Amino acid sequence: MKMWKWSKLSTALLGVALFVSACGGGDNNDPAAGKSSSTNEPGATEKAWTGEIVVWDGPRWSDDKENKYHWIENKKAEFEKLHPGVTIKIVQTPWAEMEDKLNVSIAGGAWPDLVYNVSNRMASIKNIESGIVEPIDEFYTADELADFYPNALKEYEYEGKHYGVPVSTRVHSLLLNLEIFKQKGVEPPVDGKWTYDEFLEKMKQLTGGGVHGFSTYIMPSYYEAWPFLMMDGGRPLSDDLTQYTFDSPEAISGLQKFLDLKFVHEVALPDMGMSNVGDTYQAFAAQDKRLMAVQPWNSWAIASSQKEPYAMDLMVAEYPTGDSGKSISMGDVLGWVMLKQKDEGKKQMAMEFVKFLTTTEEIFITAKNYGVFPSRISSGEQRPFEANPQMERAQQIAENAMMVPRHTNWQKIDEAIQKELQLAVNGTKTAEQALKDARSQVESLLK
Amino acid sequence: MKTEMTAQEAGGRISSPASWLKTWKKIGPAYLFLLPKLLLFGLFTVLPVGWTFLLSFQEYEIFDSHWIGLRNYAEAFRNEIFTGALWNTFRYTIVTVPLSILTALIIASLVFPLGHRSQTFFRASFYLPVVTSTVIVAMVWRWIFNYRFGLLNHVVGIFGMQPVDWLGQTDLALWSLMLMNVLIPPGSGILLYLAAMGSVNPSLFEAARIDGASAFQIWRKITVPLLKPTTFYLLILSMIGAFQVFTEIVMMTGGGPGNATETVVHVIYKTGFRDFEYGMASAQSVILFIIIMFIAVFQYKMLGDEGVERHKKRRNK
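Residue numbers (the numbering used here), protein chains in the order written: chain A, 1 to 447; chain B, 1 to 317.
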């Protein structure tokens, strides 16, 4: 009897809960949600769409009030003025939280309309295949698309369509603290170019007296060390992304040279590969503990290392060349992505806003102030880094940078490889063992 | 007690609408007061748990999920990273839980005889890590373990030894995390033990002293056995907490080097929120739930029943 009562009560509660959840608010991709009112019905095409567009963006450069969202807030105000009845809702989202928040919002079916895509997580093949990301081709002419650097645009391409508007490129390069070079009487590489042997020789000269030549870290989604692995011609996957190739003799040789910096030549910090991002940057840039002369970093660190509190006499150099004779660098492309829309009018207006944010002028402003490389050729031609030769050199590197392979399971593949690299760099496995052990994990993900 | 009896009486008498109404008048207000909490509990606990269970049998797609039976469970057990994480989590639990409880018991036993003011000071001090964000605590420990500037390597250096890469060595990383867990004072455990010690009849200690028992004998033969229900409670709670270890992993090692410090909840998090595999993440969560439940029931059978019953009998006498 008592059980019966409880089961009745539980059923009633579950019913109430379901009712309440069913009455819950709609999501952003629902055309009828909120105060949006589409006027895109037949016969009303002349009238512009009105309603709210939700935009997720992260912090950029500060204004004099330390507001890191001032640029997009100003653009929002200008756009709303041009389009009465349209409201842009900016959701301020720290970059570190962007991916998790987006994933949760997608799982809950309540995604934003526009999002700033970092490291191509949002315009991933997985998301494109799931139908979450909208293609943008119907809004751009071929001439308009031709103004984007091909390698930047390619990052948003899938099966002949483009799934985002590239804004900027980031790249990894070697940052040299020339103050340590001068102290040790070592000449920096001419034009920032060097072979592995020249690099090694200089690292040996720089090491001593509590300072090491080089260091970096190895973590999933971070590619600072990978150009060393690829300098002899090794590549993680085959060109058609169907085969694991990082255990080729070229890749093993590249990893071996990287490991030798630590274990044989002892020119790298003893904890190379195992330290985290923050600690590694501090060890390179903090005024009171500059423990190494050269470090590979993403391009954001160039601007950071040129101003207080980290200001130093800085030089940007290419990764050393190996047996392949080519200097390799890896990069990623940032840009705007529109998520699935049900309302055509809203879709057009959202894209209008994206175009408003990605004009030649706006991409130039973003590049100059935010320290990223423009994705538009016309913005690049305006030379945003004319007064900063180090950024210009990095921009040249960016133009030929390799991008992270765009495989549906790339994040898992990346993790499987990086975890094996960690075991190589902490001495648990040899270069060959580590790269060969990754094969079985990666192969199962490539199927 | 009165409410409980009324409800029991009512349970046997619901036979006619009149008696049902009479009963409702008696117990209805109680349920009404409970209703908001029950609704919230239903919405935010029962419903998600039920949904997780259902999801675990599906291949989740954002626009089209479909039923795949037990395939997620089978794949979870075939996944070496998940089974490795289970083993790491099990080792972490086995080592840290007994040591944390023992530490709490020893500290509480040392604090209990102190005066009121000193006791208050130590209670607050030992409880401080509990109210401090785990993220902050993990950051402090990251500095303690730092290869170049860390406190531990400074101490090691005093003895003329080479610095150790505490979090970077495959064999050492998990042990370092265990060390961190054990060295953080178990504030909640200390408070619970102190409260339990305060409720022990002082005449028992007095009688033991008259009989010539030493302080250690009193502690071992009287204090510790009488604290068994508290120990059992702490054991269950700490075990659940240890099986769910997550923040420390994210902040300190990210599961590395390799998969040396990968734990179950960290794997579930990555499967769900990085890979979008909600069906698989749900299956992994259900597996964790079943393991925790099984161990809790086992502990209850081995320690709980006997301990609680004995304690009750003693109290009744």
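If you're looking for bench data, these hints aren't it; they were derived computationally from the structure.
Since this is a predicted model, take the numbers as computed values, not measurements.
Glycine included, every Cβ here is placed at the ideal spot set by N, Cα and C.
Heads up, some of the hints might be wrong.
[What the hints assert, rightly or not] Among the chain A residues that face chain B by a calculated CB cut under 7 angstroms, a handful are:
1. Asp100
2. Ser105
3. Glu129
4. Ser130
5. Gly131
6. Met274
7. His407
8. Thr408
9. Lys419
10. Gln422
11. Leu423
12. Thr428
[As the list claims (entries may be wrong)] Just the calculated beta-carbon pair ranges, DEER-fashion:
13. B/Trp51 with A/Lys89: 27 to 35 angstroms
14. A/Tyr69 with B/Pro229: 21 to 29 angstroms
15. B/Arg91 with A/Glu361: 28 to 36 angstroms
16. B/Trp175 with A/Val190: 28 to 36 angstroms
17. A/Glu138 with B/Trp175: 52 to 60 angstroms
18. B/Thr247 with A/Thr242: 35 to 43 angstroms
19. B/Asn79 with A/Lys182: 32 to 40 angstroms
20. B/Val250 with A/Asp64: 34 to 42 angstroms
21. A/Ser62 with B/Trp51: 54 to 62 angstroms
22. B/Leu237 with A/Leu446: 41 to 49 angstroms
23. B/Leu237 with A/Ala286: 37 to 45 angstroms
[Claimed, not checked] Computed list of chain B residues with no C-beta within reach of chain A, every gap over 10 angstroms:
24. Leu128
25. Leu167
26. Leu194
27. Ala195
28. Pro257
29. Phe276
30. Tyr300
CB-CB spacing for A/Glu361 and B/Arg91 relative to the 28 to 36 angstroms hint = violated (58 angstroms)
Taking the CB of B/Leu237 and the CB of A/Leu446, does the distance hold inside 41 to 49 angstroms?
-> holds (44 angstroms)
Given as non-interface: B/Leu194, which should sit over 10 angstroms from chain A by C-beta = Consistent with the label, B/Leu194 stays out of reach of chain A, its closest Cβ about 37 angstroms off (over 10 angstroms).
Measuring from the C-beta of A/Ser105 to each C-beta in chain B, is the shortest one below 7 angstroms?
-> violated (11 angstroms)
Look at the Cβ atoms of B/Thr247 and A/Thr242 and judge whether their distance stays inside 35 to 43 angstroms.
-> This hint holds: roughly 38 angstroms between Cβ atoms.
Quick one: work out the minimum CB distance from B/Tyr300 to chain A and report holds if it exceeds 10 angstroms, violated otherwise.
-> Answer for B/Tyr300: holds, closest chain A Cβ roughly 22 angstroms.
Tell me if A/Thr428 is really an interface residue toward chain B, meaning its C-beta lies closer than 7 angstroms to one of theirs.
-> holds (5 angstroms)
Would the stated hint for A/Lys419 survive a check requiring a Cβ distance to chain B of less than 7 angstroms?
-> holds (5 angstroms)
Would you check whether A/Met274 satisfies its interface hint, that is, whether its CB is within less than 7 angstroms of any CB in chain B?
-> holds (3 angstroms)
Is it the case that B/Phe276 keeps its Cβ farther than 10 angstroms from each residue Cβ in chain A?
-> Violated, since 7 angstroms does not exceed 10 angstroms.
Evaluation of the interface hint that places A/Gln422 against chain B, nearest CB under 7 angstroms = holds (4 angstroms)
Does the no-contact call for B/Ala195 survive, Cβ to all of chain A over 10 angstroms?
-> holds (32 angstroms)
Checked against the numbered hints given earlier, the structure breaks hints 2, 3, 7, 8, 14, 15, 16, 19, 21, 25, 28, 29 and satisfies all the rest.
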